[in-house]
Amino acid sequence: MSAPEGALVSRRLDWRPPALILAIALGSLVLVGNPSTWLTLTIAGLAMGLMIFIMSSGLTLVFGLMDVMNFAHGLFIALGAYVGASTVKLFSAAASADSFLANLGAIAPAVLAAMLAAGLLGLFFERVIVRPVYGDHLKQILITTGGMIVAEQLILVLWGPDQIPVERPATLRGSFLVGDMAIEKYRLIAVAIGLAVFAGMMLLLNRTKIGLLIRAGVENKEMVEAMGYRIRRLFVGVFVAGSALAGLGGALWGMYQESVTVHIGASMMVLIFIVIIIGGLGSIGGCFAGAVLVGLVANYVGYLSPKIALGSNILLMVLILLWRPQGLYPVGKS
Amino acid sequence: MAENLLSLSGVHTHIGHYHILQGVDLVVPRGELTMLLGRNGAGKTTALRTILGLWSASAGAIRFEDSDITQRDTPAIANLGIAYVPESMGIFAGLTVQENLVLAARRGPPEEARLDWIFRYFPPMKKFWDLPAGNLSGGQKQMLSISRAIVEPRKLVLIDEPTKGLAPAIINNLIEAFAELKKTDTTILMVEQNFHAAKSLGDSVAVMDAGRIVHAGRMADLATDDALQTRLLGLSLEAHQ
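Which chain is which? The protein sequence lines are R and X, in order. Note that the first sequence ends on residue 338 in this note's numbering; no numbers are left out. Note that the second sequence ends on residue 244 in this note's numbering; no numbers are left out.
Misleading hints may appear alongside valid ones.
Said to hold, decoys possible - Dumping the calculated SDA-like pairs for lysine to any residue here, alpha-carbon to alpha-carbon at most 25 Å:
1) X:Lys158 with X:Ala64
2) X:Lys167 with R:Lys213
3) R:Lys213 with X:Lys130
It should be emphasised that the hints constitute simulated quantities derived from the structure, not laboratory data.
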């Protein structure tokens, strides 16, 4: 449907968060001094940020739409990492071939299997663990944390307690050399996948009726139901999709780290919570901006002052919340 | 006498420990605008929300056309052709005016003729078509909330205090729009505190007090009976003239 004549004002992007990201990147260029080191750090930060975005985008929607505090989200990441690592091992011939297309024959099944496994576990979690505690945050925290502990033990039973090495596909190892700059291939792939996921989510949210329903549901669930839509079905879909994305992020993160342990998901949860809080709960645009900020700051500060690297993202969250208490792109609740 | 589109028989609603509706008997004739009046806290909003299933009736029966809808969930009730304009307006602030209307149209994209009809009474909807609804003024948000409810033909529209907090000029505009909506044979159940608006629009009237219907009849009769107005509505009438 086209806009009627006379439409005067259109929705505009709030430019301040992207400007902040740009300012931090340019400011760190001055502090780092060496442009090639800065570019390496920036790409590493973007790759890390976009993988965190993939892992956290589902959680922010689950919180925004369903008002569910799912502390077991790290479990879906861990399961995705394990299933991804096992699938790559299963297709080791394709993974070790010296052709990108052949490598895709290992990566694609690994990623799809990770998403499928995490999505199915998400479906089980929503129906069995989360559904009985809708509307009660304390019970949600307790039961999802408990569910995560039990499921982590099951992972240990299935895969054993040892760290599992993950073989990166052959053509994704090493770096591209541009002048005196070395750009790691896998990081570029991670950036590309992260951007594709972001673009896909923005298209879904802004160009489809399901997307409209999700955005409306994040603001006012009751009114969506009063319009005749069954939001519970949407809840399940979002929870499963969010879990599958966490699985995808876990598979990518496992390959990035080149090893998987049962705590791979839980260890990311602090960063994921920081990202969804500074982004604005329920906001995909905010989650993207927050993840990029967290990834960049972690890498810049890690290089410039390793001693404060651990606390840098907490400090970032405090500063962002002082500036915008509802997050970078707050979602209006009515 | 028109047949009844909606009827409530002995409806009770509890919210937590509070017993809000205490046996509501109400009929809404088809094709008419029924005004639901009463003092603050009488249970008017609870009655609308109970009809729509947003709060469950703990006893009694609610019938719409030939169906018992007492135990149905909100989406099922809404899909019978019932639209709701809540007191809070319930607009989706992050969605544009267009997106709000697209979402409200369940049968597909809104028809151009219907939109033109809405734009005639609510010109800001056309002017701010692409603007996020959160940027509209209070009156414009109310217009959007009502536009959503009538973006396609409905059998029944439940409207909760549409004139609350609005400037007199906008109230007159709304009264004109509702008068036009009545001509389309849409049945309306409206909660209203503004007696000027209520008597201009209402065909029939029901007055609530302490969770019960204490008077039901024709609006014209109530509008001409000062003693009855004072007895039923007391201070609230004078306060909202």
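Do the hints match the structure? See the list:
1. For a cut-off of 25 Å, the pair hint linking Lys158 (chain X) to Ala64 (chain X) stands: about 19 Å separates their Cα positions.
2. Taken as a hint, the Lys167 (chain X) and Lys213 (chain R) pair is broken in the structure, with Cα atoms around 31 Å apart against an allowance of 25 Å.
3. Taken as a hint, the Lys213 (chain R) and Lys130 (chain X) pair is honoured in the structure, with Cα atoms around 23 Å apart against an allowance of 25 Å.
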